[in-house]
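Trainee: Take a look at the letters that make up each chain.
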Amino acid sequence: MILAFAESRGTSLRKAAFEAITAARTLGDDVHALIVGPSGIAAAAQELGAYGAKKVLVCEHAGFAQYNPEATAALLAERMKEYKAGVFVSTAQGRDLAPRVAAKLGAAFAPDVTSIKAEGADIVVTHPVYSGKAIATLAISGSPAIIAARPSTFTAVKVDGATAQVEAVQPVGDPNASRVKVTELKASGGAKLDVSEAAIVVSGGRGLKGPEHFSLVEDLASSFGNAAVGASRAVVDAGWRPHSDQVGQTGKVVSPDLYVAVGISGAIQHLAGMRTAKTIVAINRDKDAPIFKIADYGIVGDAFEIVPALAAAVREARRSG
Amino acid sequence: MKIAVCIKRVPDTETRIKVAGAKIDETGVKFIANPYDEFAVEAALQLKQKAGGEIVAISLGPDSVQETIRTALAMGADRGVHLKTDGQPYDTLSVAQALAAELKGYDVVLMGKMAIDDYNHAMAPALAEILGLPCVTAVTSLTIDGNKGTAEHEVEGGVEVLSFPLPAVISTDKGLNKPRLPTLPGIMAAKKKPMESKPAVLGAARVTVRSLALPPERPAGRIIGEGAAAVPELIRLLQTEAKVL
Chain F
1 MILAFAESRG TSLRKAAFEA ITAARTLGDD VHALIVGPSG IAAAAQELGA YGAKKVLVCE
61 HAGFAQYNPE ATAALLAERM KEYKAGVFVS TAQGRDLAPR VAAKLGAAFA PDVTSIKAEG
121 ADIVVTHPVY SGKAIATLAI SGSPAIIAAR PSTFTAVKVD GATAQVEAVQ PVGDPNASRV
181 KVTELKASGG AKLDVSEAAI VVSGGRGLKG PEHFSLVEDL ASSFGNAAVG ASRAVVDAGW
241 RPHSDQVGQT GKVVSPDLYV AVGISGAIQH LAGMRTAKTI VAINRDKDAP IFKIADYGIV
301 GDAFEIVPAL AAAVREARRS G
Chain U
1 MKIAVCIKRV PDTETRIKVA GAKIDETGVK FIANPYDEFA VEAALQLKQK AGGEIVAISL
61 GPDSVQETIR TALAMGADRG VHLKTDGQPY DTLSVAQALA AELKGYDVVL MGKMAIDDYN
121 HAMAPALAEI LGLPCVTAVT SLTIDGNKGT AEHEVEGGVE VLSFPLPAVI STDKGLNKPR
181 LPTLPGIMAA KKKPMESKPA VLGAARVTVR SLALPPERPA GRIIGEGAAA VPELIRLLQT
241 EAKVL
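In the order they appear, the protein sequences are chains F and U.
In terms of the numbering used here, the first sequence has 103 at position 103, counting the first letter as 1, and numbering is strictly consecutive.
In terms of the numbering used here, the second sequence has 48 at position 48, counting the first letter as 1, and numbering is strictly consecutive.
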């Protein structure tokens, strides 16, 4: 049996919740899920059932209105010790929680994995290291094994006709007594989509010549509908864009369906952050730029001419398609 | 205030990785202090400026990590502790136990949110659990006032504001500060600062690296045209071949 942690915010589940269940199902059908949240979160339990969670453990408590690392880790450790594996997704929250749970249980821990399989009593996973410049195959012994899946890698899949049995559980200790408290959650720039969560990422680099020209990239992103805007390290270091937008070895590693690199030459540390995108488009003035070596579709030329034409063509294609 | 900073020796970000067995081939590889740990060193220096005290830089690994500790000493840390191992062990919890044995009695334990080699993001929370301390991870803003801390931590689409008491374990993200470069007098002074070296007492390892491989090559890149004239062909390929439109 596998227990997946279903990440939520307020009373809504996050995309990572469904990915955790799909990742857990690579080890077998007997997957349960655990959600914590304020009053009302229980209503989300059946959404998890549709993805194949046979049982959903729900802990409702006012102390879970904001992310509560200590109380959540305490409950997870208490529950996961009964299972063969505990599965998380390496989001900001998953990265904060999963190692705590592993340390509490003295359990093996493998973060940011891209594949999971059972091999006898062991679990074997792959984990990109050196930000994807190499792939480590890790053997994990003992149970429970605490595993965190790389975001956007285990695409959530529904299971036909599946429903879950829902069980209310009590917190371990008093969630209001946690030493670390989230006092506020500030939304960054409205409903901005994060590069690590988006199916389409449009990134800009130094070829844009100045921060004011990022409007081109933003417009191309909006032409696709729901695309996130990323940036190269050079422009983040120059202060044109916030670090939260940076794609690369000292930024975020992304695996979107489509990655469009505009005016990015393709330094090794940048390629390391986006080389697992399913399709890569590159627009660059320099035909010898390294980005063209890994781009499925490259266009050589002036971004200021190509990007607006592409944005218009994408809008037209989406209107007629 | 007693401040500890954990710092790891890692291959430079511009390194081309070559594989040798279950490890990387280190021939010709330039090693640097993990960039995220430099934010931790800078945070420690700023904290000491404000509250006084001592900064101890700690690294676990073979003798070569002493060079990395010297980087922190050159930036301004007071003394170094080298926890000696034969190679760089992989298992997070095994290393966390060795560090925890050395990190008792500090008011603040700082380190980067992750090392750019193993990409684990796990050391600070694992260490905090073993030490029984509160932990905040990947902070982009940090204020310590007396024995209370506040920090900001980026989450998908937002920023969490956290409050916590000291002692605590804190991991740092890019954006927190601009790490100072070691000055020449700093580098000279670092050579004379005390450095203790002792064997690391590693915990049991439950995760082993079975093999290391280069990622599958992407198909060779293809330039489909020049200028805006190539846009219709790109749209066609995105629709019919990549099927993303």
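Just to be clear, a hint being listed does not mean it is correct.
Think about it this way: if two alpha-carbon atoms lie no more than 30 Å apart in a straight line, the pair counts; the simulated DSSO-like pairs of lysine-lysine are [said to hold, decoys possible]: (1) K193(U) / K84(F); (2) K54(F) / K81(F); (3) K186(F) / K50(U); (4) K192(U) / K181(F); (5) K23(U) / K293(F); (6) K186(F) / K104(U); (7) K84(U) / K193(U).
Read the hints as simulated data drawn from the structure, not as lab findings.
Trainee: Sort out which numbered hints this structure fails and list those numbers smallest first.
Mentor: Violated: hints 1, 4 and 6.
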